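The residues making up each chain are set out below.
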Amino acid sequence: MTSALELSGISKSFDGFRAIAAADLEVRSGEVHALLGENGAGKSSLMNIVAGLYAPDEGSIRVQGRPVRIAGPLDARRLGIGMVHQHYKLVKSFSALENILLANPKGGFARGRAAIDTALARLADRIGFTVDLTKPVGALSIAEQQRVEILKMLVGGARLLILDEPTAVLTDMEAERLLALLRHLASEGAAVILVTHKLGDVMRHADRLTVMRNGKTIATASPGTLNAGELTKLVVGTTTTECAVPAQNVGGPVLSLTGVSSGGNGRRETLSDVTMRICSGEIYGLAGVGGNGQTELAEILMGVVTTASGRITLEDAVDITDATPKTRRARGLAVIPADRHSYGLAGELSIADNYAIGDVYSGKYGGVLRMKSSAAQTAAGAAVAAHDVQGVRSLAHKAALLSGGNAQKLVIAREFAGAPRVILAHSPSRGLDVRAAAAVHARLRAARDGGAGILLISEDLDEILLLADRIGVMSSGRLVAEFAAPADRQAVGEAMVSHG
Amino acid sequence: MAEPLAALDAAPPAPSRQSSRMTVEIRQTSPAGQRILIRGAGLLIGLAISVAILAWAGVGLGNLANEFIYAIFSDSRSVASVLVQMAPLLIAGLAACVAFRVRFWNIGIEGQMIFGSIAATLVAITDFGPPALRLVVMLMAAALGGMGWIFVPVALKLKLGISEVVSTLLLNYVALNFLLHLLYGSWQDPKSSFPHSEQYDAIERLSPIGWENVTLALPLALLLALILWWALNISRFGFFTRFVHANPKMAKAIGIPVLGVTCAAALLSGALAGVAGFAISAGIEYRMTQSFFFGYGFSGILIAFLARNNPIGVIVVAFFVAILFVAGQSLQVFYQIPGAIVQLIQAIVVISVAAAEFFIRHRLKWTK
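Chains as they are written, first to last, in my numbering: chain A, 1 to 500; chain B, 1001 to 1368.
Hints are computed from structural coordinates only; laboratory data are not their basis. Since we're looking at a predicted model, the values are computed, not measured. All C-beta atoms, glycine included, are put in the ideal place defined by N, C-alpha and C. A hint or two may mislead.
Simulated DEER-style distance windows between Cβ atoms [unchecked claim]: (1) A:322 - B:1103: 20 to 28 Å; (2) B:1056 - A:66: 12 to 20 Å; (3) A:370 - B:1151: 36 to 44 Å; (4) A:177 - B:1103: 53 to 61 Å; (5) B:1360 - A:28: 29 to 37 Å; (6) A:370 - B:1103: 40 to 48 Å; (7) A:393 - B:1360: 18 to 26 Å; (8) B:1308 - A:330: 31 to 39 Å.
With the rest of the complex left out, here is chain A (with noise of 0.2 Å):
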């Protein structure tokens, strides 16, 4: 049998980041096919490419045995390739018919609009479903608007279906509905790509899986000839050269959450009852598939999200619930955020200024009268040189020309300032090369021996068990395993996704 898809030797870079090395993939008519890997393994990179939103570096792509170039969405579309983004491609304000038209144009609306009613008139029986197709794609449920997006690769024609990360954002019931619905399409003749991290619905559901992991494709198999521990090993990989070095001296509680919980006031519950202490002296290490309340968590730390309930407390039992990030940074928390160029750094602004606000409360900058941007500037080339950020060509410069190890260096060199007794290190190294990332782990265990309590959330399994003095695992908003290291790898990961 030809193969529906065949890539071969596929690479791709960013701006000097290495996302897809060398990968390989063949998916063939008929099946439902998983492409498994961790966050930033490549997997949606990869799709993408098929997809023709990104071109790929080197490489080659067949569709039905026929070499292809797919210069873009249109040209996929073309080749019968359909594609469920992760985050819906919907205009909100459009009706579902609106949508469905703008991705298929037959020329003239009302010309579209019957030649889509015939056309899902015809697919209604195949696929079970029906979409209110009048209203405003953005009041319809998320699993509706996920229907949306399915129709709208089927009323393309589509013969080869990506869906990346599907039931990610479903309920049980949802996702055992839609799993049925893409082995139905599969039997029908329908290749389909099912981009996960959820093992559960791999071996239930595919025919046949790849896994990804840092950019290469390392291993095809059927689900039937590994069992869960197994396909786990391969997801997430085996420890890199980097050495544990466990906490000597651990001190009572720094940081203390009671039942703390997110959303009210209409907002989504995404982290519920969590309860967790972190002592002076150790790392904490929590680790969880991204999207399962992390990035809550941490801006209910950074004090710029409330709780809806529960009490966050510092060393002596210090209340910290409702108080101001200017607060909390004055009773020595230092925060890591995950993206630095949301949360940590005003990339329009200089070097200097971005490291003086750090301590502007202090009066060492200059009074509330007058800024002493002199002394902001020593202070920063001191810190820079201390912290080895490469790149600064003056400290002048704003700091988005930084790259995002150095970016991430001037973070560290900020927060690390004050002597922090509590730092949120989230996702630390993400984007860094891996001595970049071994600096960073040096710093933070250096501010750990220093008798700081480090709360350190990563989806990067490696890097918790590599730092981590004890481990959290969270799953849909809670704290759902706690382990002390060192920790058994297979039970951290099979913690991680078993409650997915």
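We have chain A already, so just place chain B on it with the hints.
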């Protein structure tokens, strides 16, 4: 202003329509010199288009040079009338500048000017407070009046998330109609029965500084520019506004009172607009008229934009816009050019400078 003439002569040749293709690329960085050049080119193109329109409307190049350069700088009375015109423009520009620094889009400068002037006029009509301090009280009242009028959109934005662009803009019309209600009603000039307030007494006027008809309004405006320069460029408050402007999310997380900084800047903007109204009523017209504010809101925004929200830059730009105002008046008188031409020129200059920003972020490349 010889630039427009030169720019006309130097119009680029039309590009050939061969097989070459134009692609747009994003610039990673743009050196300061290049940025100045690009913005300067945008300004020149805008002025060139304006000159072309004026020439088409019947004002020849020689006449333009005469009106804009010779007539204005040849005698001190014309220079003085530019400076008189400059004072309220400068203050309105500062009002826009401080609000834009925190991304509060105050489109309601005219409405706040109206309430500033109403508050000052109220003090003047009722002879409130000791005569020696009358002007100071009027000034304070004007600031409070403008601040009060912007308080409504500030509160609406904070409490209900209503866009200040819409609320400040629409409240201009409410303010205008309230002004007309007063001027056609209880505040109508009892002497002439014209729809403007009675003349301010001598102590209620900003006094001349002793050169032509320039009043204290100009030194007041310059002083305000210096104070605002200190507030935005020297003080810690100004340091905070830079972060609020660049990345409000980060500013909040790092402990800057984003809400407080934004409110303070917005209220200050309203207060300055109120003072701009006072500067016209007490410094130029010596009464509250029914259209004293007209055009200042837009001009203030334009001035702040061209000055890149820098109070010192506002002084320079306000001077040039004042020349445009004064020359526009003589074009109206001597060439029967409609008064709207001044607004037209302003708009063209803003559009061309704003469009030039595109070339700071992008570069065009011709590929064959």
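A quick look at each hint next to the structure:
As the Cβ distance of residue 322 (chain A) to residue 1103 (chain B) is approximately 27 Å, the hint placing it in 20 to 28 Å holds. A C-beta distance of roughly 60 Å is found between residue 1056 (chain B) and residue 66 (chain A), which places it outside the suggested range of 12 to 20 Å. With their beta carbons about 29 Å apart, residue 370 (chain A) and residue 1151 (chain B) fall outside the hinted range of 36 to 44 Å. Between residue 177 (chain A) and residue 1103 (chain B) the beta carbon distance is about 45 Å. The supplied range of 53 to 61 Å is therefore violated.
The given range of 29 to 37 Å is broken by residue 1360 (chain B) and residue 28 (chain A), whose C-beta atoms sit roughly 51 Å from each other. One distance hint, 40 to 48 Å for the beta-carbon pair residue 370 (chain A) and residue 1103 (chain B), is violated here, with the actual separation near 25 Å. Taking the beta carbon of each, residue 393 (chain A) and residue 1360 (chain B) are about 19 Å apart, inside 18 to 26 Å as hinted. Distance hint check: the CB atoms of residue 1308 (chain B) and residue 330 (chain A) are about 34 Å apart, consistent with the given range 31 to 39 Å.
Violation of the numbered hints given earlier is confined to hints 2, 3, 4, 5, 6; the remaining hints are satisfied by the structure.
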